[in-house]
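Given the sequences, and given the hints that come with them, work out the whole structure.
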Amino acid sequence: KAGVTQTPRYLIKTRGQQVTLSCSPISGHRSVSWYQQTPGQGLQFLFEYFSETQRNKGNFPGRFSGRQFSNSRSEMNVSTLELGDSALYLCASSLGAGSALEQYFGPGTRLTVT
Amino acid sequence: AQSVAQPEDQVNVAEGNPLTVKCTYSVSGNPYLFWYVQYPNRGLQFLLKYITGDNLVKGSYGFEAEFNKSQTSFHLKKPSALVSDSALYFCAVRDSRGSARQLTFGSGTQLTVLP
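Those sequence lines, one after another, are chains A and B. First residue of the first sequence: 186, per the numbering used here; consecutive thereafter. First residue of the second sequence: 804, per the numbering used here; consecutive thereafter.
Just so you know, the hints here were simulated from the structure itself, not pulled from any lab data. Please read these numbers as outputs of a predicted model, since none were measured by experiment. Treat the hints with care, as some may be off.
Said to hold, decoys possible - To give an idea of the interface, some chain B residues facing chain A are shown, with a C-beta separation under 8 Å as derived from the structure:
id : residue
1  : Tyr-835
2  : Phe-849
3  : Gln-905
4  : Phe-908
Unchecked claim - Which residues of chain A face chain B? A few of them, derived with a C-beta cut under 7 Å, are:
id : residue
5  : Gln-226
6  : Gly-227
7  : Leu-228
8  : Phe-230
9  : Leu-280
10 : Ser-284
11 : Ala-285
12 : Glu-287
13 : Phe-290
14 : Gly-291
15 : Pro-292
16 : Gly-293
Glycine included, C-beta positions come from ideal geometry on N, C-alpha and C.
Here's what the structure looks like:
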């Protein structure tokens with residue numbers, strides 16, 4: 186079974202631009218979560234989607250948004266990019282919305298904002 | 804609120820020796836605990852989890868973890884370390900109660916296994 190895929194793998198953007206990142210979960214997985222990973226802040230939760238509904242949201246500004254499609258694929262968007270948005274963005278999928286379920290991570294998208 | 808602490812930023816161990824990576828947690832309900840490993844330029848890989856039952860949980864690649872409720876700990880262990888185990892290890896927790904369903908991760912521990 187194919188793992189979680191994320192596109193693109195690397196991205197360079199300029200301050201003020203916007204960016205869209207894509208995530209395809211493992212086949213059959215219906216829950217998708219997004220995380221931001223930086224050396225200073227570590228792994229921080231952005232949001233979680235299940236059945237096209239946002240179930241949970243982390244403590245990030247409104248510039249960060251996401252959505253999930255009927256095939257469980259998900260996208261996240263960051264508008265008005267800032268230098269501090271440079272990070273590895275990780276997507277994770279799980280079978281369902283249960284708290285005991287483990288998540289499976291994609292390789293991440295490395296975003297650099299200049 | 805839920806939280807996780809990994810008190811050691813770096814752990815060095817000689818190949819063939821046992822290894823331990825420490826993790827303590829704080830939740831209001833019962834904890835669901837997870838260990839993940841991250842290799843350079845890769846995403847996180849799931850190693851094992853504790854939900855309920857036996858305090859000793861066995862996972863992938865020979866790793867195991869011991870849940871200790873009184874000490875609120877969930878240390879990762881392996882009887883004999885390999886050089887290929889060198890990576891960044893993350894402990895994570897979810898509270899079984901409350902509205903915060905997201906995984907909260909520790910700050911990570913860099914494990915280096917010396918040949």
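So, going through the hints one by one against the coordinates:
For Tyr-835(B), the suggested interface contact is upheld, since its CB lies about 5 Å from the closest CB of chain A, less than 8 Å. The interface hint given for Phe-849(B) is met, as the beta carbon of that residue sits about 5 Å from the closest beta carbon of chain A, less than 8 Å. Restraint check, Gln-905(B) versus chain A: the minimum CB separation of about 4 Å is within 8 Å; hint holds. A hinted interface residue such as Phe-908(B) counts as satisfied when its beta carbon comes closer than 8 Å to some beta carbon of chain A; here the least separation is about 4 Å, so the hint holds.
Among the interface hints, the one on Gln-226(A) is violated; its C-beta lies about 9 Å from the nearest C-beta in chain B, farther than the 7 Å criterion. The interface hint given for Gly-227(A) holds, since its Cβ lies 5 Å from the closest Cβ of chain B, which is under the 7 Å cut-off. A least Cβ separation of about 4 Å between Leu-228(A) and chain B falls short of the 7 Å threshold, and the interface hint therefore holds. Of the supplied interface hints, the one on Phe-230(A) holds, with its beta-carbon coming within about 4 Å of a beta-carbon of chain B, less than 7 Å.
Below 7 Å, beta-carbon pairs count as interface contacts, and Leu-280(A) has none with chain B, the closest being about 12 Å; its hint is therefore violated. Nearest Cβ of chain B to the Cβ of Ser-284(A): about 5 Å, under the 7 Å cut. The hint holds. Annotation: interface hint on Ala-285(A) holds; nearest CB of chain B at approximately 5 Å, less than 7 Å. With a least beta-carbon distance of about 5 Å to chain B, the hint placing Glu-287(A) at the interface is held under the 7 Å criterion.
For Phe-290(A), the shortest C-beta to C-beta distance to chain B is roughly 4 Å, which falls under 7 Å, so the interface hint holds. About 5 Å separates the beta-carbon of Gly-291(A) from the nearest beta-carbon of chain B, less than 7 Å, and the hint is met. With a cut of 7 Å, the hint placing Pro-292(A) at the interface with chain B holds, because the nearest CB-to-CB distance is about 5 Å. The interface hint given for Gly-293(A) holds, since its Cβ lies 5 Å from the closest Cβ of chain B, which is under the 7 Å cut-off.
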